[in-house]
Amino acid sequence: MSNNNYFSGLFSGIKSLLVGLGVTMKEFFTRKITEQYPENRKELKMFDRFRGRLVMPHNENNEHKCIGCGLCQMACPNGSITVTTEMLDTEDGKKKRSLVKYEYDLGCCMFCELCITACPQGAIEFCTDFENAVFDRAKLVQQLNKPGSKVAEKKVAPKPEAAPAEKKESNPETPTTV
Amino acid sequence: MFDFTVVTNWIDALLLSFLPGWAATLVECVLVALAIITLYAVFAIILIYMERKICAFFQCRLGPNRVGKWGSIQVLADVLKMLTKEIIDMKNVDRLLHKMAPFLVIVASMLTFACLPWNKGAEVLDFNIGIFFFLAAGSIGVVGILLAGWSSNNKYALIGAMRSGAQIISYEVSIGLVMLTMIVLTGTMSFSEICQQQADLGWNIFRGHVPAVLAFIIYLIAGNAECNRGPFDMPEAESELTAGYHVEYSGMHFGFYYLAEYLNLFICAGIASTIFLGGWAPFHVLGLDGFNHVMDYIPGAVWMIGKTFFVVFLLMWIRWTFPRLRIDQLLALEWKYLMPMSLVLLVLMAVCVSLGLTL
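Top line first, the protein sequences correspond to chains A and B. Heads up: the first sequence is residues 209 to 386, going by my numbering. Heads up: the second sequence is residues 1254 to 1612, going by my numbering.
Among the hints, erroneous ones may be present.
[Claimed, not checked] The calculated EDC-like cross-link candidates involving lysine to aspartate or glutamate, where the alpha carbons are at most 20 Å apart (straight line), are: (1) Lys362/A - Asp297/A; (2) Lys1589/B - Glu1425/B; (3) Lys253/A - Asp313/A; (4) Lys358/A - Glu268/A; (5) Lys302/A - Glu321/A; (6) Lys354/A - Glu333/A; (7) Lys1322/B - Glu268/A; (8) Lys1306/B - Glu361/A; (9) Lys1322/B - Glu247/A; (10) Lys1306/B - Glu235/A; (11) Lys304/A - Glu271/A; (12) Lys253/A - Glu268/A.
Just so you know, the hints here were simulated from the structure itself, not pulled from any lab data.
Excised from the complex, chain A in its bound form (with noise of 0.2 Å):
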């Protein structure tokens, strides 16, 4: 019995051995995935997933997703994001909470992507700019909201949407402590 396994345990390390030569091999020939930055800077695409810092996408309207809910400042674990809010009355007489400003500080950001988690409106995410460096880190602060943007108004919701449209109306009153 013994025997037998020193034979059929030497021939398949043989034939392990084999197939891990063949690998290597393969990946001899393989285009290289090496980027070489400063010269191909112009090419140089970033994969998707990278995240490079916090931005805010507008529409061509220069209107954003966000509600000023504060989610956000609150998953922040470093405390690089800051949400400064008004009240706004609506036409209807209702009180509507707005963004003012969106603070994001790149220098204590972690990249841990908990805001974005966080984010009933998908109204933030990271880009893939990765040439972040600056002489000052003041300049580290950045105001992700455009000036003059306002949110986008949502279309008025058919049927199917009636239980999301309701969240988002109890949104602005639960974070209180904004």
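Starting from the structure of chain A, add chain B where the hints point.
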């Protein structure tokens, strides 16, 4: 085939024409030593560059590419850096042995380097027990490694040296047996005669067919272990032993170990190409006279170096494919697998030769 003795005889005659016999011999010795040391340095640089590039390619990287075109003078820069570094005097080391150890390693490496047959008539150390001498001179290196570990007064260095010693001494058994197998085939231990035979009769790996091919594979494995290279780089298992036996060395003393490691790789490959792949003997196919004639025009040194680099590539391929073995696995591989196999091969080869089954 061009016979290099034409050149050496001409130099000899030239020197004798205006020098007494002993002075001519002295000058020739110095010339040969210079040639060997130069070749040694040049091959070390080529090998280190090759290793870094090939390692990178196996890992889907580009390797050094900043210093010079394709990083070609990177190694030169590294050598200069190494030369200018301070050799630190350690406090509690055994001073004499500590300083002697790297020289033992490099002397052993250079002695074996001198055994390689570069061309027809261009062997430096060539006598009737060449292979025997090669094995003996190669073993001096182990002494250097053990001394380095012992004299460093450092437990990591000592453990590294002990592992290295155990490994090299074990694998020398296989190397010796494999060489014996090939000596059974060739009937001579002299490197020049082995090469001449292969030029006349065909490469040993073809002449010896099955046992020779198996012996070649065993030689590659054992040779890799002899050079202390991955997957057998046990003495340098950096996660456990920092750098192994040379952890207390700095500057060019460390550089000697580094140099010797790469040159041992080259020597191991060179001996493999001498014994199995014909040394400087060109590739001949029986019956294709035109082809053989063209092959004869390629100089023997090119054949020798080309084959050696081919084997070096094989060894690097092995190194960058397999993970490091544990010390008990390492010794089990030798004593339970390679040594019995090479004993069987020796008998098989002896049977083949005595029955006239070789080609």
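Hint check:
1. Lys362/A - Asp297/A: holds, 17 Å
2. Lys1589/B - Glu1425/B: Distance of about 14 Å is within 20 Å: holds.
3. Lys253/A - Asp313/A: Measuring from Cα to Cα gives roughly 25 Å; hence the hint is violated.
4. Lys358/A - Glu268/A: Given pair Lys358/A, Glu268/A holds - Cα atoms ~12 Å apart, limit 20 Å.
5. Lys302/A - Glu321/A: violated, 33 Å
6. Lys354/A - Glu333/A: holds, 15 Å
7. Lys1322/B - Glu268/A: This hinted pair is violated, its Cα atoms lying about 48 Å apart.
8. Lys1306/B - Glu361/A: violated, 58 Å
9. Lys1322/B - Glu247/A: Holds - the C-alpha atoms of Glu247/A and Lys1322/B are around 15 Å apart, at most 20 Å.
10. Lys1306/B - Glu235/A: holds, 13 Å
11. Lys304/A - Glu271/A: Holds, at about 17 Å.
12. Lys253/A - Glu268/A: Outside the cut-off at roughly 24 Å; violated.
Comparing the model with each earlier hint shows violations of hints 3, 5, 7, 8 and 12; every other hint is respected.
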